[in-house]
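Peer 1: Residue numbers (our numbering), protein chains in the order written: chain A, 1 to 271; chain B, 1 to 271; chain C, 1 to 271; chain D, 1 to 271.
Just so you know, these hints were derived from the structure itself, not from any lab.
The reader is advised that the hints may include incorrect statements.
If several chains are the same, the list does not tell them apart, and a pair holds so long as it fits within one copy or across any two.
What the hints assert, rightly or not - Calculated cross-link-like contacts (lysine to aspartate or glutamate; reagent style EDC-like; alpha-carbon spacing at most 20 Å):
id	residue 1	residue 2
1	155	14
2	15	26
3	15	156
4	15	30
5	155	125
6	155	251
7	15	251
8	15	105
9	155	22
Number of protein chains: 4
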Amino acid sequence: MPEYPTALGASSLDKITLLGQDLAADVMGEVGFGELAFWLAIQRRPTPGETRVFEAVLAALADHGFTPTAITTRLTYLSAPDSVQGALAAGLLGGGSRFLGVTEDCGRFLHDALSTARGGPPTDEAGWDELALASVRSARAEGRVIPGLGHHVHKEGDPRTPRLFHIAAEEELVGPHLSLFAAIGRIHPQVLGRTLPLNGAGVCGAALADLGLPLELLRAFALLARTAGLIGQLAEEIRTPVANDIFLSVDLNNRAVPPHPADGGEASASG
Amino acid sequence: MPEYPTALGASSLDKITLLGQDLAADVMGEVGFGELAFWLAIQRRPTPGETRVFEAVLAALADHGFTPTAITTRLTYLSAPDSVQGALAAGLLGGGSRFLGVTEDCGRFLHDALSTARGGPPTDEAGWDELALASVRSARAEGRVIPGLGHHVHKEGDPRTPRLFHIAAEEELVGPHLSLFAAIGRIHPQVLGRTLPLNGAGVCGAALADLGLPLELLRAFALLARTAGLIGQLAEEIRTPVANDIFLSVDLNNRAVPPHPADGGEASASG
Amino acid sequence: MPEYPTALGASSLDKITLLGQDLAADVMGEVGFGELAFWLAIQRRPTPGETRVFEAVLAALADHGFTPTAITTRLTYLSAPDSVQGALAAGLLGGGSRFLGVTEDCGRFLHDALSTARGGPPTDEAGWDELALASVRSARAEGRVIPGLGHHVHKEGDPRTPRLFHIAAEEELVGPHLSLFAAIGRIHPQVLGRTLPLNGAGVCGAALADLGLPLELLRAFALLARTAGLIGQLAEEIRTPVANDIFLSVDLNNRAVPPHPADGGEASASG
Amino acid sequence: MPEYPTALGASSLDKITLLGQDLAADVMGEVGFGELAFWLAIQRRPTPGETRVFEAVLAALADHGFTPTAITTRLTYLSAPDSVQGALAAGLLGGGSRFLGVTEDCGRFLHDALSTARGGPPTDEAGWDELALASVRSARAEGRVIPGLGHHVHKEGDPRTPRLFHIAAEEELVGPHLSLFAAIGRIHPQVLGRTLPLNGAGVCGAALADLGLPLELLRAFALLARTAGLIGQLAEEIRTPVANDIFLSVDLNNRAVPPHPADGGEASASG
Chain A
1 MPEYPTALGA
11 SSLDKITLLG
21 QDLAADVMGE
31 VGFGELAFWL
41 AIQRRPTPGE
51 TRVFEAVLAA
61 LADHGFTPTA
71 ITTRLTYLSA
81 PDSVQGALAA
91 GLLGGGSRFL
101 GVTEDCGRFL
111 HDALSTARGG
121 PPTDEAGWDE
131 LALASVRSAR
141 AEGRVIPGLG
151 HHVHKEGDPR
161 TPRLFHIAAE
171 EELVGPHLSL
181 FAAIGRIHPQ
191 VLGRTLPLNG
201 AGVCGAALAD
211 LGLPLELLRA
221 FALLARTAGL
231 IGQLAEEIRT
241 PVANDIFLSV
251 DLNNRAVPPH
261 PADGGEASAS
271 G
Chain B
1 MPEYPTALGA
11 SSLDKITLLG
21 QDLAADVMGE
31 VGFGELAFWL
41 AIQRRPTPGE
51 TRVFEAVLAA
61 LADHGFTPTA
71 ITTRLTYLSA
81 PDSVQGALAA
91 GLLGGGSRFL
101 GVTEDCGRFL
111 HDALSTARGG
121 PPTDEAGWDE
131 LALASVRSAR
141 AEGRVIPGLG
151 HHVHKEGDPR
161 TPRLFHIAAE
171 EELVGPHLSL
181 FAAIGRIHPQ
191 VLGRTLPLNG
201 AGVCGAALAD
211 LGLPLELLRA
221 FALLARTAGL
231 IGQLAEEIRT
241 PVANDIFLSV
251 DLNNRAVPPH
261 PADGGEASAS
271 G
Chain C
1 MPEYPTALGA
11 SSLDKITLLG
21 QDLAADVMGE
31 VGFGELAFWL
41 AIQRRPTPGE
51 TRVFEAVLAA
61 LADHGFTPTA
71 ITTRLTYLSA
81 PDSVQGALAA
91 GLLGGGSRFL
101 GVTEDCGRFL
111 HDALSTARGG
121 PPTDEAGWDE
131 LALASVRSAR
141 AEGRVIPGLG
151 HHVHKEGDPR
161 TPRLFHIAAE
171 EELVGPHLSL
181 FAAIGRIHPQ
191 VLGRTLPLNG
201 AGVCGAALAD
211 LGLPLELLRA
221 FALLARTAGL
231 IGQLAEEIRT
241 PVANDIFLSV
251 DLNNRAVPPH
261 PADGGEASAS
271 G
Chain D
1 MPEYPTALGA
11 SSLDKITLLG
21 QDLAADVMGE
31 VGFGELAFWL
41 AIQRRPTPGE
51 TRVFEAVLAA
61 LADHGFTPTA
71 ITTRLTYLSA
81 PDSVQGALAA
91 GLLGGGSRFL
101 GVTEDCGRFL
111 HDALSTARGG
121 PPTDEAGWDE
131 LALASVRSAR
141 AEGRVIPGLG
151 HHVHKEGDPR
161 TPRLFHIAAE
171 EELVGPHLSL
181 FAAIGRIHPQ
191 VLGRTLPLNG
201 AGVCGAALAD
211 LGLPLELLRA
221 FALLARTAGL
231 IGQLAEEIRT
241 PVANDIFLSV
251 DLNNRAVPPH
261 PADGGEASAS
271 G
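Bound-form chain A, shown alone (with noise of 0.2 Å):
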């Protein structure tokens, strides 16, 4: 008979354990929800330094209007107004390479190169010039892009990037995966031959790499960070809706063409 151990939720008959807490007396009311997603992910209480940072990032994050995965929530609740469930799990289903990836990607990408630096990394801002160029060429050589660089809207500078790099200094948090990231704001023109603002969805996850949490589930707290956009998006739906206008807007613009048969795509260009 198989045993599954866990260091997460168990109850007993009087007593709620939660990463070897009592729930009731030390959890509730005790800890905050930023910190304690901290913990559930890491299993190690965050330093209140590190839940700060931690916030920033997860506020950084939670909402930016009507996105595709807003407008999925708001459509989805439109058409199954009985599942708050599934409109805000078909919003989070948007949440992949393209639009909350980046964050992820930056992650890897930083801690990638940081796996290159032997020695350990660099002690000085020459030194972390040195690293960014060499992982930003590299990156080049291979036609890879750059993460974290550049955005459609803030051309002339993100306005969380900044501010999140204050919100580290100030709790004495940035470590490597931000000091790469920072040299890399620094000397990406003379590699790209233009200069591209560091993006806040980057510098999340530069901050969030340097917190300590695993790099597989990067892309996880900007889906936590969703949700709660999410379930704004859903609150404002419920008392001022657009979804049926959105619906409509494309429904009554619908063009009918003709069907046009796959020539065989991709798969029969082979043949």
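Guided by the hints, dock chains B, C and D onto chain A, whose structure is given.
Peer 2: Okay, now just chains B, C and D, sitting in the frame of chain A:
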């Protein structure tokens, strides 16, 4: 051309606003994540006391060990490790009427009972008991379940319940829903003939309703809490995998039986 | 150690069975997909006539153009092109009470009405009209909607309805649910004071119920049909993308409004 | 104002078209469900032979017993029986890289190998063997897995594989992908040093690619097949429930362990 009004996220070249605030300057590093989730839902910044009660509720609901939702998230990650968003969404989809629904059902039950109180809510314990008695009797007469009563493990009392009452009292946030729920705890043995504990999911619904959060979304806050819990489950699964053992424990104990043609079931029973 | 009985798929070293059949020899190449779906649901192989009615229903429900579910699948693919399963799942999540639910609601309504017929179902048109009249009157008296009546586009008649009646008649599969639905089409003007078309979603629910498919799963067959439709939407999106234009048409027409603090809404209205 | 072109569903007052056809007159009752799904995906009506191969693939992939996706659908229904769409969507979310991905991976692998064949695909068995040898060697040299080889149960041969080759041959639809896949079956022992069976998921991918279906959506057809299978699982769960036993078999065998603080894992390993 339709317009889509929103008070949530909005961006311009050099600024991001959220709920009318400057996101970088005034939200990041200044607003906790629970506080922000409340603010997004109700478009009003909560007081510190409201935030504390709200986060206590989220802590109470975040993780209950190997629930069907937790198992689902782990199994989905096993099958599709490339899609963290899919694993979280799959888990949240279990947040329906049976497992996470008590919170919402209890909030609604209390709300409906309160709306029958002529002349406003009671002002003393006797008044609350009278209203509670009427609402429990009426529900029983209609064969309806009283949500928030009973627990399959904590048969002698759910430790979260007195704790949440205590926190709400400390913050002077015991409102009509919690008051009525307490009264149900006192009077239900007169109607049901036995004493059941007030459970944690129920008291959470009462507390959320007293915070003025929309009844349609009480389930959504349980889902927000659970998102943090499911991330904890995923993180633990990555470090100490059990999903494959769970899968095998089912698959290896399958027993082939002959098909059992439906005799038409519900539908044809009428035919 | 629990055992898990099943008549569905099972494997041994050299054989795979499904529903007690040899999958390779007797199902692959021998059983159509609609036929198999029916067989899986009811564990009895349908007759050719049953398969034809069933597949006609699936065709009727497969795709209705730019519905919220179709838009959702396209937007989710735009955000997360790495996860086709997420895009399909997100679209299906809109298959709830409002957009795909009529099929199920209509099947249930007819079933419930039939269960009130003392002495079994009627045997002539006058008997059906009487039962229809009683059920429509009773629903109206309780303020309930009659599912399957009315259509926002096909105001003078939904072309799917007479066609499905015709197919069912050809296959001698007009059972009590379709008979009662037809009677509702004849008598409802007497009760409602105006003539509404019997819609396609409703007649599909009646036909599925007459096939003996479980009422709890009528919605599931609409979702199966829709899965095929959503794959069509995805394929078209890949070849002729519109999701980004849909997203921009919303995002560019957003209008920032000040936060509108909930006055407590439903919940606090009682407080 | 953007317009949204589509060849899929469209409605007018008295007519519904789908793929340019009159839905009621020319699709309902005339087009099988597998045939329609193919047509929707590729906007060309398949021949009867193409339909037979396509439906054989769907049959092969519909249900494999108590897979993680089947367990997930049952557990989600247990938790949220009010939302059939949620239970199906949750199951489909497991249709990712590990469990349902082989079909897609195999189709892509074959396609990529074919695109390296200078002068078009081979014309005799020796030519196919040469191309297969080159592609398997190249994959091995890069440390890549050969998709479609091996099966954890059917170690001496997957019964679906010869059957699908046979059906495709009967319908004269053995194209370059199936030919190359067969050649891989012949030559891989030379490279791998042992003989593995060609598995059913792989041959399905090869057959779908030979049908000219888009490579990006091969996984989607596996999901369509699985939707029918999951409805079968739900129907069986409703009649013979096992989900609660599965849940309890995990929950009752949980073992509380102390939290195990991440030592920083991947991320901090670099710091």
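Peer 1: All hints, please: hold or fail.
Peer 2: Status of the hints after comparison with the structure:
| no. | hint | result |
| --- | --- | --- |
| 1 | 155 <-> 14 | between (57 Å within a copy, 8 Å between copies) |
| 2 | 15 <-> 26 | within (12 Å within a copy, 40 Å between copies) |
| 3 | 15 <-> 156 | between (54 Å within a copy, 11 Å between copies) |
| 4 | 15 <-> 30 | within (17 Å within a copy, 34 Å between copies) |
| 5 | 155 <-> 125 | neither (25 Å within a copy, 57 Å between copies) |
| 6 | 155 <-> 251 | between (33 Å within a copy, 18 Å between copies) |
| 7 | 15 <-> 251 | between (54 Å within a copy, 16 Å between copies) |
| 8 | 15 <-> 105 | neither (41 Å within a copy, 24 Å between copies) |
| 9 | 155 <-> 22 | between (49 Å within a copy, 18 Å between copies) |
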